[in-house]
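Read top to bottom, the protein sequences are chains S and G.
Under this note's numbering, think of the first position of the first sequence as 22, with each following residue one higher.
Under this note's numbering, think of the first position of the second sequence as 22, with each following residue one higher.
Treat the hints with caution; some may be incorrect.
Some chain G residues near chain S, calculated using beta-carbon distances under 10 Å [what the hints assert, rightly or not]:
1) LEU39
2) LYS82
3) ASN99
4) ARG107
5) THR113
6) LEU125
7) PRO146
8) GLY148
9) GLY168
10) LEU447
11) SER458
12) ILE478
None of these hints come from the bench; they were simulated from the model.
Quick caveat: nothing in here was measured; it's all calculated off a predicted structure.
The beta-carbon is built from N, C-alpha and C at its ideal position, and this holds for glycine as well.
2 protein chains.
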Amino acid sequence: MYDLIIVGAGSGGYEGALYAHRRGMSVALVELSPETVGGNCLNRGCIPSKYMRHGAYMLEKFQKLEDYGVFLKGYELNMASLRAGRDRVVITIRENFKKFAQHLRIPIFYGKGVLKDKNTVVVEPSGEELKGRYILLATGSSTTSLGGLVPDGKHVYDTDQIWNLEKFPKRMLIVGGGAVGVEFAYIFRMYGSEVVLVEIRDRLLPSADIPEESSRYLARKLKKLGVDIRLKTTVQSWEPCEGGLKVNLSDGTQTKVDLILLGVGRRPNTEGIGLEEVGVERDAKGFVKVNEFCQTSIPNIYACGDITSPLMLAHKSMYEAKVAISHMLGEEDMRRDERIVPKIIYSAYEIASVGLTEDQAEEEGYEVKVGVVSFVSNPKAMDDGENEGFVRIVADEEGNLLGCHILGPHAGELLHQFLHVMKAGLKVDFLSKAMYSHPSLSETIGQASMEIHFGPITWAKRH
Amino acid sequence: MYDLIIVGAGSGGYEGALYAHRRGMSVALVELSPETVGGNCLNRGCIPSKYMRHGAYMLEKFQKLEDYGVFLKGYELNMASLRAGRDRVVITIRENFKKFAQHLRIPIFYGKGVLKDKNTVVVEPSGEELKGRYILLATGSSTTSLGGLVPDGKHVYDTDQIWNLEKFPKRMLIVGGGAVGVEFAYIFRMYGSEVVLVEIRDRLLPSADIPEESSRYLARKLKKLGVDIRLKTTVQSWEPCEGGLKVNLSDGTQTKVDLILLGVGRRPNTEGIGLEEVGVERDAKGFVKVNEFCQTSIPNIYACGDITSPLMLAHKSMYEAKVAISHMLGEEDMRRDERIVPKIIYSAYEIASVGLTEDQAEEEGYEVKVGVVSFVSNPKAMDDGENEGFVRIVADEEGNLLGCHILGPHAGELLHQFLHVMKAGLKVDFLSKAMYSHPSLSETIGQASMEIHFGPITWAKRH
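Looking at chain S on its own, in the form it has when it is part of the complex (with noise of 0.2 Å):
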């Protein structure tokens, strides 16, 4: 019997396994085959596009070069190298862990894991019967489609298929403005697609854990770079036509693309792992019912990640792995926490959010405080020819750091630090008496914070 069975070798999964192991228990994993070791997360999210994320944002700088007295002569795209160099990150980190799980004895075994009792997962179609003093559900989230638009990988695409492009659109379809449909819009757009972007409500990035500025500066930033952002906007029908489809919008108008994306969402892996048979309660959405230590109704068994909420980052998955293996091992100081969930985003900028925004402080009755300061006149960014954006802190009137709002330069690093400090339950006095090097980025948050300790005093309050 193993200490300790995880279904799923996702981001949770291997991070729970690693600190299992690390914790002195005796782990074993199950994945569905050596090919989907790492997740959707390695396999067809976060790390392959933030990988052609980052070339988009080369592409990006090119356009300033000149001020750093570089002139191009021209250059050449060619999607065969793009994807090699993504595909050679994505195989390296899946064959690093899988040699890295066998260094350290840490079986994987590939078939699907389904729960037989509350201390056995039987893996299929082999049959093999896995014995474990406590189970860890990481079996994460599958694309979803859109009444009409069903993932065909050759005219509609979804996240898991769109990795196998051979060519750059010519001109595509996005639908959907949330995280998804940013970060392609950006990454296609900079390697020279036509991309027109549809979302369905008003904003793109229409989630209430995100402020409306940093949707207003993420549009304003896309369209200045050629996107075409139709808001409140959805495909009515669609039909394949010489050389790709053409789409009616519910705006009236018609465009002819070479595909579609579908950035629309995504469901959890909870049917078919025998929940139902051993008891293991779910939510009337699918998700797995957690305690604050990731506990199932079922005391021995654990869930983490994309199955336990729609919130399906791959850090939270990662998070309550290790929440719910040191609640195995009688610790309680690590809890499940939505509201320290970093939230971060990688498209013409990066976004990062965490904890509560102005309207959702002020819907919760604080009496809210912020701090905005722009990096228009932060010396590094100015250096770096990256000066757009701002930091937006959020307090209490007792100086209760409640969120962060970062949109600009390496937002997804610099926001890390408030978020330390808000977990602390450190105050907003604290970021404002700190050391900041200069010149930095970190510095706006220096500022923004002694905006609210101090009260205002810079130009860059007003924006």
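We have chain S already, so just place chain G on it with the hints.
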């Protein structure tokens, strides 16, 4: 009478003026001329060098563009455009500050500020007398020369003069392998110059605050980029020759170069500003003696920045200015503390250090624990094609954080999250249980802290 007169409008002076204004004090600045507002950092230091470094960094990134499907047809370099872009940033920051000071009604008196008595600063040569309840000395530092190597702006340049170069040298010699030397070596090398870098000691960045690993990694990378590094080497003699100068080095070789750049240290500007007359004490090396609140031997006169210690960093000055002003306001919660001053070098890598190295911690008698994680297998670093370097965290037996040393992508921004956590007195377990977004460079900090808190697991340990 002003509440505060600040002598010097460099980094410490202008940050101090804004902070004093924000805190409700009336404040006046004294600065040599309209062209020197912003001080060395802005006009002849970190700001213009980081601008040029960004261009160099982009040029280095060209080497990996094909992995992102981008094939360049070649490029040309133009120093005039680089200078124009750089000067635009410098001038924008400088003029913005002046306009902002005017907007806030903070007067700037141009001339040399000399203490007449403990409440009076005379602006020379006009002779205008300014009265202040408090005075903050923020007069900065000046370049020094080395016996036989006197900057003439023709054959031998210092960091005041190098900005005026009209073309990239074909071949140059840089004297000094400290921060200035390694930054310019990278810049000029990437812009096509042949660079010989000599350092008298046995390593680059020969500072006890910087771990030997950082020096070693940097030397290896600069060599790979083609910089000719000569350690334990000095300039014996030089003489002008057709089209440049001939230099004899202590290793017995002779080399012909277009010019020599000196990066060999600075001295505090504490002469001729009335310190003796008023009784402000200095140490044997000419630094103003200050207590932990930046107060000099004359209680209403404070000092910050380059004149308080050899740690000549803009943010040290900016922080000390705030420490001083807070103390004038009767607060004692901010204190001068060189242990929390980050040191960040932008060369072929970003190299960021704060606190103690392992060696220093051992010398101080700590039972040292170290967590080391490489960027080699960090997914975000791999996506960005920049997976070189490491995070080293130094803690004591109880997990108290003693130092952190990062070499690699965006090290300068990454360090801040450690800095805040260390300053807050949190321990390594906090970092090991924190949330990190995936994929992010920040994850390496979590992993390095897990190495200490839970014990080692990863391959990355061995390097």
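We went through each hint and held it up to the structure:
The criterion of a C-beta within 10 Å of any C-beta in chain S is met by LEU39 of chain G, whose closest approach is roughly 6 Å, and the hint holds. Because the beta carbon of LYS82 of chain G sits about 6 Å from the nearest beta carbon in chain S, less than 10 Å, this interface hint is met. Restraint check, ASN99 of chain G versus chain S: the minimum CB separation of about 5 Å is within 10 Å; hint holds. With its C-beta approaching chain S no nearer than about 8 Å, ARG107 of chain G sits inside the 10 Å limit, and its interface hint holds.
Contact between THR113 of chain G and chain S, as hinted, is supported at the beta carbon level, the nearest pair being about 7 Å apart and thus within 10 Å. For LEU125 of chain G, the interface hint holds, since its Cβ comes within 10 Å of a Cβ in chain S; the closest pair sits about 7 Å apart. Annotation: interface hint on PRO146 of chain G violated; nearest CB of chain S at approximately 32 Å, more than 10 Å. For GLY148 of chain G, the shortest C-beta to C-beta distance to chain S is roughly 33 Å, which exceeds 10 Å, and the interface hint is violated.
For GLY168 of chain G, the interface hint is violated, the least distance from its beta-carbon to any beta-carbon of chain S being 32 Å, above 10 Å. Nearest Cβ of chain S to the Cβ of LEU447 of chain G: about 6 Å, under the 10 Å cut. The hint holds. Interface hint status for SER458 of chain G: upheld, as the beta-carbon distance to the closest one in chain S is roughly 5 Å, under 10 Å. With its C-beta approaching chain S no nearer than about 5 Å, ILE478 of chain G sits inside the 10 Å limit, and its interface hint holds.
Checked against the numbered hints given earlier, this structure breaks hints 7, 8, 9; the rest are met.
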